[in-house]
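Please model the complete structure; the sequences and the hints are all you need to start from.
For the sequence shown, the residue numbers in UniProt numbering are 1 to 286.
Where hints are given, some of them may not hold.
Across the chosen pairs, the derived CB separations fall in these ranges [said to hold, decoys possible]: (1) R135 - A161: 38 to 44 Å; (2) P33 - A186: 32 to 38 Å; (3) E125 - G164: 19 to 25 Å.
FYI, nobody ran anything at the bench for these hints, they're computed from the structure.
Note that the coordinates shown come from a computational prediction; the quantities given were computed from them, not determined experimentally.
The beta-carbon is built from N, C-alpha and C at its ideal position, and this holds for glycine as well.
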Amino acid sequence: MTHAAGPIEPSGVWATAVGVARVRAMETAREQPLFRDPLALAFATAGGRGPGTPPPPRADEAARRRWLGVAFSIVIRTKFLDDLLDRAVASGVRQVVLLGAGMDSRAFRMNWPAGTRLFEVDTAEPLGFKASVLRQERAVPRCERITVSVDLREDWPGALAVAGHDPAQPTVWIAEGLLIYLPEDAVESLLERVGALSAAGSRMGLTLGSRGVVERFRGDAAPGSAASMWVWEMPEDPVGWLDGLGWEAETFTLRERAEAYGRPVLTPPQQDEGEGGLLSAVRAAH
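Set out below in structure tokens:
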């Protein structure tokens, strides 16, 4: 999406979705990628983050390492959530909700069973930007794709209901790279609302900021960068936390999943490796 003056310049939290698209485009270009996202390059280029765009300057080696850690986490979490979605639909779930969908292209790049309805919830600006790129690319979704333009601080459950979501049927919810940008009370409110809309057998995939990540990354984060907007990190006992909200959860580290995917991290653990944990959850019977 461009104007005569050049590419759109995303701003605020949703601009980070364009950076995520750039990372996904880089992974797609690898010889043996963990996933393929054919639309990622178009999103990144339209947002001024294409392959010819120089990356933001890195002040020092530590800053460069932190950026690489975040990029690595994006790749691993994308594969993790792809697999979670595959398992959910294989179990019979036919409703998918992407909270803070950003430049997610799963409606277009994954194989969905007949009858799958995928809801993309985000604000009007990123959804409008995305729609322009999709038109330009003549992209065709592989399921029924429904966009829901609403701020997650507002009555998004009401907007989702109007869009056709059925809370009596199981849903798989994805909150990828989202919770870290929300204050604690907003995270609790969001997940309580998700729980109220989740029939037994619903599933959920979350990405969580590891303990201490906000303090480590925000200290010297460039204004407007993703890390400068991080505010929330996972509780000490994320499984117990979700259990209290009615979900049976498993938690994984990025290193664990990377090794399982054939991308082992060969260096000793560092404090600044990226966003942190991955959670898979199933809604217990009410």
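* Would you pick out the hints that fail for this structure and give their numbers low to high? => 1
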